[in-house]
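A.B. asks: Sequence:
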Amino acid sequence: MDIYVIDGMATAFVAGLLTSPHCLGMCGPIGCAVLPMGKAGGGLTPAIAGYHGARVLAYSLFGAVAGLIGSEALQVFSAQAARVFPWVMVALLLTLAFRLDRYIPKPKIWHRTYARLTTRLRKLPRPLVGIGLGLFTPFIPCGPLYLILTLCLFSGSALMGAQLGFGFALGTVPLLWAGQSGYFWLGRKIPANGLRWTQCGIALAAAVLISWRMLASADGVNGLICH
Numbered sequence: 001m002d003i004y005v006i007d008g009m010a011t012a013f014v015a016g017l018l019t020s021p022h023c024l025g026m027c028g029p030i031g032c033a034v035l036p037m038g039k040a041g042g043g044l045t046p047a048i049a050g051y052h053g054a055r056v057l058a059y060s061l062f063g064a065v066a067g068l069i070g071s072e073a074l075q076v077f078s079a080q081a082a083r084v085f086p087w088v089m090v091a092l093l094l095t096l097a098f099r100l101d102r103y104i105p106k107p108k109i110w111h112r113t114y115a116r117l118t119t120r121l122r123k124l125p126r127p128l129v130g131i132g133l134g135l136f137t138p139f140i141p142c143g144p145l146y147l148i149l150t151l152c153l154f155s156g157s158a159l160m161g162a163q164l165g166f167g168f169a170l171g172t173v174p175l176l177w178a179g180q181s182g183y184f185w186l187g188r189k190i191p192a193n194g195l196r197w198t199q200c201g202i203a204l205a206a207a208v209l210i211s212w213r214m215l216a217s218a219d220g221v222n223g224l225i226c227h
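Residue numbering for the sequence shown follows the numbering used here, starting at 1 and increasing by one per position.
For the record, the hints were derived by calculation from the structure and aren't laboratory data. Among these hints, one or two may not hold up.
The following label-pair restraints were derived from C-beta to C-beta distances [claimed, not checked]: (1) T45 <-> Q80: 44 to 50 Å; (2) R213 <-> Y103: 25 to 31 Å; (3) L159 <-> T45: 27 to 33 Å; (4) A205 <-> T113: 45 to 51 Å.
Even for Gly, the Cβ is constructed at its ideal location relative to N, Cα and C.
Generate coordinates for the entire structure from the input sequences, incorporating the hints supplied.
C.D. replies: Written out as structure tokens, the structure is:
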């Protein structure tokens with residue numbers, strides 16, 4: 001397996017961890033409000049498990065489609081994913097470090113569509129509510145998700161795109177699950193500024209590490225000069 005594939009999956013997972021507080025603020029309230037309102041027929045834990053399982057699957061599928069589209073585009077422009085992909089990862093990490101994803105335009109129409117969807121899902125048993133919410137979560141306007149899909153476009157294949165989507169979704173699970181389970185005391189234990197600076201530091205460190213590794217290799221230098 002190529003080293004950039006391993007780096008890509010790890011970077012996607014780290015990106016998921018770094019953006020999980022954002023996910024808790026955006027998707028968390030929806031899940032916390034809607035999941036308990038499903039009909040009787042399952043506890044809250046199966047509903048949360050169904051939500052995250054379906055969400056990971058949906059992100060993986062979106063990543064696969066983006067990777068497939070991107071692989072065709074790379075062939076048209078005669079670009080090699082192994083050269084371009086690491087630098088796109090660096091751009092992703094820097095964007096997250098400086099919270100520039102907040103300025104990515106987000107279509108507002110999806111908010112209304114998702115609101116109508118959640119109203120209908122409430123009539124289903126809790127596990128089905130969780131699965132339905134998870135499958136449609138990628139349609140919620142989300143800057144970090146757009147960044148990951150951009151990374152998938154440059155991944156070079158549908159398989160790699162699926163792995164990136166899987167890694168990103170998996171990284172967002174722990175904190176979001178804790179929030180949906182009612183463990184909001186986590187937020188009171190960690191100061192907001194401290195968490196923000198920690199996220200920034202991790203993203204910057206990862207970006208520097210990837211850049212150093214690419215610049216230290218002949219391919220990285222040639223990629224910068226020739227492309």
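A.B. asks: Quick check: which numbered hints come out false for this structure?
C.D. replies: Hint 4 is the one this structure does not satisfy, whereas the remaining hints hold.
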